[in-house]
Amino acid sequence: MSKPFLRNAWYVAAWGYEVGAELFERTIIGESILIFRKSDGSAVAMSNACPHRFAPLHLGKLENDVVECPYHGLRYDSTGHCVLNPHGNGKVPSRARTKTYPLVELHAMLWIWMGADALADPATIPDFSCQSDESFPTVAGVIEMHANYELIADNLMDLTHVEFLHAGILGSDAIKAGAHEISQSGTTLYSNRWCPDGLAPPAWNMMFNNYNKPVDHWLYMRWDAPAHMLLDVGITPTGRPREEGIWMYGTDILTPKDETSTHYFWGASRSYGHGDRQADKQWEEAITVAFGEQDKPLIEAQQRMLAMHGATDIDGVDAVLLPSDSGPTRARKILADLRKVNESAPPTPRNPSLSELVANSAGHYAGKVTPVV
Amino acid sequence: MSKPFLRNAWYVAAWGYEVGAELFERTIIGESILIFRKSDGSAVAMSNACPHRFAPLHLGKLENDVVECPYHGLRYDSTGHCVLNPHGNGKVPSRARTKTYPLVELHAMLWIWMGADALADPATIPDFSCQSDESFPTVAGVIEMHANYELIADNLMDLTHVEFLHAGILGSDAIKAGAHEISQSGTTLYSNRWCPDGLAPPAWNMMFNNYNKPVDHWLYMRWDAPAHMLLDVGITPTGRPREEGIWMYGTDILTPKDETSTHYFWGASRSYGHGDRQADKQWEEAITVAFGEQDKPLIEAQQRMLAMHGATDIDGVDAVLLPSDSGPTRARKILADLRKVNESAPPTPRNPSLSELVANSAGHYAGKVTPVV
Amino acid sequence: MSKPFLRNAWYVAAWGYEVGAELFERTIIGESILIFRKSDGSAVAMSNACPHRFAPLHLGKLENDVVECPYHGLRYDSTGHCVLNPHGNGKVPSRARTKTYPLVELHAMLWIWMGADALADPATIPDFSCQSDESFPTVAGVIEMHANYELIADNLMDLTHVEFLHAGILGSDAIKAGAHEISQSGTTLYSNRWCPDGLAPPAWNMMFNNYNKPVDHWLYMRWDAPAHMLLDVGITPTGRPREEGIWMYGTDILTPKDETSTHYFWGASRSYGHGDRQADKQWEEAITVAFGEQDKPLIEAQQRMLAMHGATDIDGVDAVLLPSDSGPTRARKILADLRKVNESAPPTPRNPSLSELVANSAGHYAGKVTPVV
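Chains as they are written, first to last, in my numbering: chain A, 61 to 433; chain B, 61 to 433; chain C, 61 to 433.
Derived by calculation from the structure, the hints in this document are not laboratory data.
If a hint is listed, it holds; no wrong ones were tucked in.
Any copy, or any two copies together, can satisfy a pair, since identical chains are not distinguished.
Lysine-lysine pairs mimicking DSSO-like chemistry, simulated, CA-CA at most 30 angstroms apart:
no.	residue 1	residue 2
1	K159	K63
2	K317	K356
3	K121	K356
4	K400	K317
Build the full structure now, drawing on both the sequences and the hints.
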């Protein structure tokens with residue numbers, strides 16, 4: 061692989077709800093990771109390979125916070141140390157430990173640090189607090205895409221594709237005519253669209269009770285390395301404050317499985333419809349169609365096309381860039397810079413808290429796209 | 061790949077009937093090609109990769125001779141130039157064009173030139189006019205074989221296999237006893253069998269109304285590089301002119317998809333049974349059995365066997381040749397020579413027109429195999 | 061492949077019962093081998109690639125001890141010489157022969173020698189005579205495992221896994237508490253467990269008419285290179301001679317298909333229940349569960365885990381060894397040594413005949429594990 065993955069970075073390993081009473085496995089940047097919850101409910105992560113014979117531990121048993129290897133019964137505690145060798149004199153070799161990884165449960169997600177333990181600082185986890193904020197009913201899921209994570213980030217960082225790939229659902233003339241501004245703060249990138257006074261995209265219009273009248277539409281995307289995106293997107297009657305409309309915080313977090321496969325964690329935390337199962341279902345269906353049936357096959361076909369050109373990523377070919385690629389291009393640039401220094405310098409998001417996001421959003425009523433910083 | 065494909069050569073991209081009102085894709089010598097018909101009915105070919113993000117254009121839309129990329133809506137005209145960038149100021153970068161390929165519709169087929177445009181001369185397309193000659197009812201199709209195209213050409217250029225692989229259908233004792241002659245003219249090769257005064261192969265006998273009496277049987281194969289074959293094959297009562305029997309011109313054109321996959325275009329243009337749907341069906345079934353169920357699995361197994369010997373083609377192993385391999389060996393030799401000079405010298409078929417073919421075929425009544433030149 | 065297969069060694073190509081009146085193919089250490097029986101019942105082995113066009117001969121016909129190639133009808137006798145070229149003047153090139161391999165039918169199995177003919181000595185075939193000894197009713201089979209053969213041998217040479225992977229079937233507390241001794245004689249390795257005076261493993265207990273009382277349990281494993289194992293395993297009432305209990309000779313012979321696939325030949329020759337179809341079925345089911353549903357998925361998952369660590373075998377990673385790995389480790393050492401000298405020195409098993417095995421087994425009643433040499 062020519063472009064190594066960032067190691068000193070937080071990756072989403074799983075939604076918190078995915079890890080229950082059973083051993084859980086997920087492959088992250090090419091490493092098979094075992095995750096489980098201790099009896100106190102906290103989750104831990106370690107290499108899934110038993111250091112003895114490299115059997116996958118997730119096929120074993122969990123009992124009293126201790127994992128038993130399915131093959132020869134060696135047991136490991138939650139710090140990865142072998143605590144039982146059931147054979148012979150029972151001596152445990154000092155090297156019999158499996159590597160653990162810092163794991164933090166935050167914003168309804170399990171964040172894993174794949175790099176040097178000493179550099180793991182939970183304060184550098186981007187803010188996705190909307191996902192655990194009861195004011196915002198949330199639906200969520202994970203999709204496996206057979207594509208490099210940067211190709212998927214390109215898709216999300218250039219939302220001009222919505223009026224084509226998602227025409228009839230998420231696209232609108234107002235988006236095409238809207239203003240777009242890119243800004244960067246530290247290693248955090250913002251790609252903001254402000255699309256005032258037009259008809260809402262069909263899916264939004266339907267969710268706004270078939271409003272059918274002009275609205276202001278905003279799409280404010282925040283990106284943090286390696287590929288953690290939050291989209292503040294919504295509509296409100298033209299010229300009216302956000303609170304008179306509806307909006308959602310859309311999570312798009314990409315965790316590479318390997319060079320050409322990605323775990324796509326999506327979430328939709330909406331501003332309305334508490335306890336409304338119908339609204340839950342509408343968002344689940346909209347995202348299943350848009351991400352699963354429109355983005356996924358297209359990006360996977362793009363990946364195969366690149367393979368025919370001898371490349372695994374768009375950087376491997378001589379692509380023609382457009383001004384609308386400024387978002388993806390800037391994100392790739394930040395990533396490329398981080399690759400050079402990542403042994404010492406993790407990404408440091410400058411993302412604001414959710415309350416700041418809402419407070420700042422008033423700026424757009426002046427007809428100006430104010431980055432949500 | 062050790063043996064490069066000929067670039068300066070015409071390949072069959074599709075049967076004309078395969079390309080209708082929709083965008084059509086086919087991978088040819090490792091390149092994904094988009095083909096579509098303009099409103100005037102003429103067909104064009106271009107690289108299927110959008111130069112912007114390498115999305116496959118064939119998943120987009122065709123309207124007014126213009127292709128819209130499915131991803132971000134860039135539009136390309138039939139000359140491959142981007143004619144619309146729907147985003148921002150709408151400026152189109154000068155490099156925003158997709159490579160086009162010379163494409164000619166001839167003999168019911170779409171022929172594509174994969175090399176330098178300046179060398180593309182439609183006059184060097186071999187004569188398969190029987191396919192568009194109304195005197196010869198034609199059935200046709202395309203089979204994907206998971207084998208190198210030269211292995212399939214070997215099969216066709218040495219028809220001694222028919223009495224074994226196609227025993228009970230296309231083989232006969234007369235073929236075994238027949239005379240065989242190889243000749244070459246320019247880069248065109250002829251491999252002709254004259255098998256007089258014997259019982260016809262079962263399939264031929266059946267199609268000749270269960271004639272059950274001795275016939276003269278001829279199999280005249282013409283080969284042009286890279287792998288365009290036409291077989292003039294038929295039976296007639298012993299000693300009688302061709303016109304008292306039945307025959308067909310059999311198309312066997314091999315277009316490499318990649319090193320180990322091939323698009324096999326087959327056709328059967330017969331001398332009899334105009335409008336006879338039963339005869340159409342007989343030929344379709346005979347070819348489905350012979351090519352699809354007998355040749356295909358055998359050649360694919362041969363390909364796997366070569367892989368176990370570390371080779372992708374028979375040239376990679378130390379095979380024992382027989383005199384009956386003269387046809388395949390000569391064809392491989394012409395191809396090897398062309399590979400050396402192909403940057404400047406395309407194959408130049410010396411194939412005769414269909415009328416010449418028929419006129420010359422009288423020669424075999426003297427008991428001598430006259431090459432059909 | 062970094063670790064070459066031993067060439068100068070006997071491999072099991074098939075159970076005798078697998079090769080009947082038809083041509084039979086099996087891929088062994090990466091080579092496709094054709095096996096068939098002559099009319100006198102003796103079996104022969106040769107390269108499955110026709111030297112002419114490398115078509116697979118096993119798809120052809122067998123008649124009068126002669127194989128006809130499915131492609132062009134060349135015929136080969138049982139010495140691999142081409143005896144018929146049905147084409148042209150019928151001349152047979154002197155090089156038209158397919159390589160034959162020494163093949164010996166012994167102990168109900170077909171043993172193939174993959175190395176230099178001159179070194180093939182049937183006397184060096186390990187003793188598996190229990191399989192053809194009518195005193196021992198035998199069930200047998202072959203399983204394809206998608207794993208390197210040494211990983212499977214590791215499994216068999218360290219039976220401490222039975223109480224974990226096969227808990228509830230073949231494991232017991234007595235095995236955990238038992239004595240274990242490794243010994244080597246020439247290139248033959250013994251890994252013996254003596255587990256006196258405990259409850260039998262569930263499967264054994266059931267087969268011993270639900271005895272439910274303490275037994276002596278022994279597991280004596282014999283290994284010969286490349287991976288030929290025989291397990292003398294059984295139970296008898298505590299302190300009583302073997303003849304008052306039940307036992308079986310378990311065959312575990314691993315023939316590499318290629319680097320990551322293995323033909324696993326298993327057999328169970330038991331000391332009791334002549335003509336007892338119920339006992340046959342019990343062993344078939346126990347082995348189907350234990351090997352097919354427990355060992356196979358675990359070892360295949362181990363193989364995939366090693367692949368994620370960039371290795372195809374455990375030697376490619378820095379594994380933590382335990383004292384209980386002495387059996388696998390020693391077997392790997394013998395194999396590694398043989399790899400260095402194998403051009404001149406085949407493995408020479410020192411395995412005793414079956415009668416010696418039984419005679420020596422009395423040793424364990426002294427509470428001491430006597431290697432069965």
